[in-house]
Amino acid sequence: ETGVTQTPRHLVMGMTNKKSLKCEQHLGHNAMYWYKQSAKKPLELMFVYNFKEQTENNSVPSRFSPECPNSSHLFLHLHTLQPEDSALYLCASSSRGAAANSPLHFGNGTRLTVT
Amino acid sequence: GQSLEQPSEVTAVEGAIVQINCTYQTSGFYGLSWYQQHDGGAPTFLSYNALDGLEETGRFSSFLSRSDSYGYLLLQELQMKDSASYFCAVRGQAGTALIFGKGTTLSVSS
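Listed in order, the protein sequences are those of chains W and B.
Residue numbers for the first sequence follow my numbering, so the first one is 15 and each next one is one higher.
Residue numbers for the second sequence follow my numbering, so the first one is 1339 and each next one is one higher.
Everything labelled a hint here was simulated from the structure, so no lab data went into it.
Incorrect hints may have been included.
Under the rule of at most 16 Å between Cα atoms (straight-line distance), these lysine to aspartate or glutamate pairs were calculated in the EDC-like manner [as the list claims (entries may be wrong)]:
id : chain 1 : residue 1 : chain 2 : residue 2
1  : W       : Lys32     : W       : Asp99
2  : B       : Lys1419   : B       : Asp1390
3  : W       : Lys54     : B       : Asp1377
4  : W       : Lys32     : W       : Glu81
5  : W       : Lys55     : B       : Glu1343
6  : W       : Lys55     : W       : Glu98
7  : W       : Lys33     : W       : Glu81
8  : B       : Lys1440   : B       : Glu1347
9  : W       : Lys54     : B       : Glu1347
10 : W       : Lys54     : B       : Glu1343
11 : W       : Lys55     : B       : Glu1347
12 : W       : Lys36     : W       : Glu98
13 : W       : Lys66     : W       : Glu38
14 : B       : Lys1440   : B       : Glu1352
15 : W       : Lys55     : W       : Asp99
16 : W       : Lys36     : W       : Glu81
17 : B       : Lys1440   : W       : Glu58
18 : W       : Lys54     : W       : Asp99
Could you put together the complete structure from these sequences and hints?
Written out as structure tokens, the structure reads:
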């Protein structure tokens, strides 16, 4: 158990579906992140939230829509995805905001398959 | 842009020492971090270097040379459980999140 919980662990969805990934952190952190991990590629930063405010959007397509209702919860809403969006989506959190050099604490990820 | 380079695979035997190198290109530099990820698991933080030199934490050490834009992770007394992927990561601009390398898969055999 990592202190950062992601649900679901696995998700299969069609290209016309709408689904959401959920992340919850129990560490009292105030920065939360979405990363995408594909085979043979580096972890790609998608979004950053500091104190519930989005501070980074790394040129992510609009079919991915993040939501951060409070410092403990982060969602990634998915719609009209493409097969190349199939990947492991990792949520992370850190203390003292994203700018500080505090380590990232990752969840176990959601393995997404788009058919 | 920002980029990091590290070897894709390294193999070693139990008890050996392995060094995983990382070179980076960033517009600025705010520290080099290392993370470990076991197959099917979450990446976990190993070490952080902001200044030049060696940082030691048990069997693992991390080194940084800012003038060479280079660092490495040194793993000693290798154990089977050290088989995992190892990622270097940098923060290249103030106020931004970490950017990761592609990772090095370490396989330890008996």
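Quick rundown of the hints versus the structure:
Restraint check: the Cα-Cα separation between lysine 32/W and aspartate 99/W comes to about 14 Å, which is no more than 16 Å; the hinted pair holds. This hinted pair does not check out: lysine 1419/B and aspartate 1390/B have alpha carbons roughly 29 Å apart, beyond 16 Å. Of the pairs offered as hints, the one joining lysine 54/W and aspartate 1377/B holds, with about 14 Å between alpha carbons and a cut-off of 16 Å not exceeded. With a CA separation close to 15 Å, the supplied pair lysine 32/W and glutamate 81/W stays within the 16 Å bound.
With a C-alpha separation of about 12 Å, the suggested pairing of lysine 55/W with glutamate 1343/B holds against the 16 Å cut-off. At most 16 Å may separate the alpha-carbon atoms for a hinted pair to count; lysine 55/W and glutamate 98/W meet this at roughly 13 Å. For the given pair, lysine 33/W sits about 13 Å from glutamate 81/W by alpha-carbon distance, which is consistent with the 16 Å threshold. Distance restraint check for lysine 1440/B and glutamate 1347/B: the Cα-Cα separation of roughly 11 Å lies within the 16 Å cut-off, and the hinted pair is therefore satisfied.
Pair hint lysine 54/W plus glutamate 1347/B holds up; C-alpha atoms about 11 Å apart against a cutoff of 16 Å. With a C-alpha separation of about 13 Å, the suggested pairing of lysine 54/W with glutamate 1343/B holds against the 16 Å cut-off. Only pairs whose Cα atoms come within 16 Å are accepted, and lysine 55/W paired with glutamate 1347/B is accepted, the gap being roughly 13 Å. At roughly 21 Å between alpha-carbon atoms, lysine 36/W and glutamate 98/W are farther apart than 16 Å, so this suggested pair is violated.
For the proposed pair lysine 66/W and glutamate 38/W, the alpha carbon gap of about 13 Å is at most 16 Å, so the pair holds. Of the pairs offered as hints, the one joining lysine 1440/B and glutamate 1352/B is violated, with about 24 Å between alpha carbons and a cut-off of 16 Å exceeded. Distance check on the hinted pair: lysine 55/W and aspartate 99/W sit about 13 Å apart at the alpha-carbon level, within 16 Å; holds. Among the hinted pairs, lysine 36/W with glutamate 81/W is consistent with the structure: their alpha-carbon atoms are about 10 Å apart, no more than 16 Å.
Simply put, lysine 1440/B and glutamate 58/W have alpha-carbon atoms about 10 Å apart, close enough for the 16 Å limit, and the pair holds. Restraint check for lysine 54/W and aspartate 99/W: the C-alpha separation of about 14 Å stays at or below 16 Å, so the hint holds.
In summary, the numbered hints that this structure violates are 2, 12 and 14.
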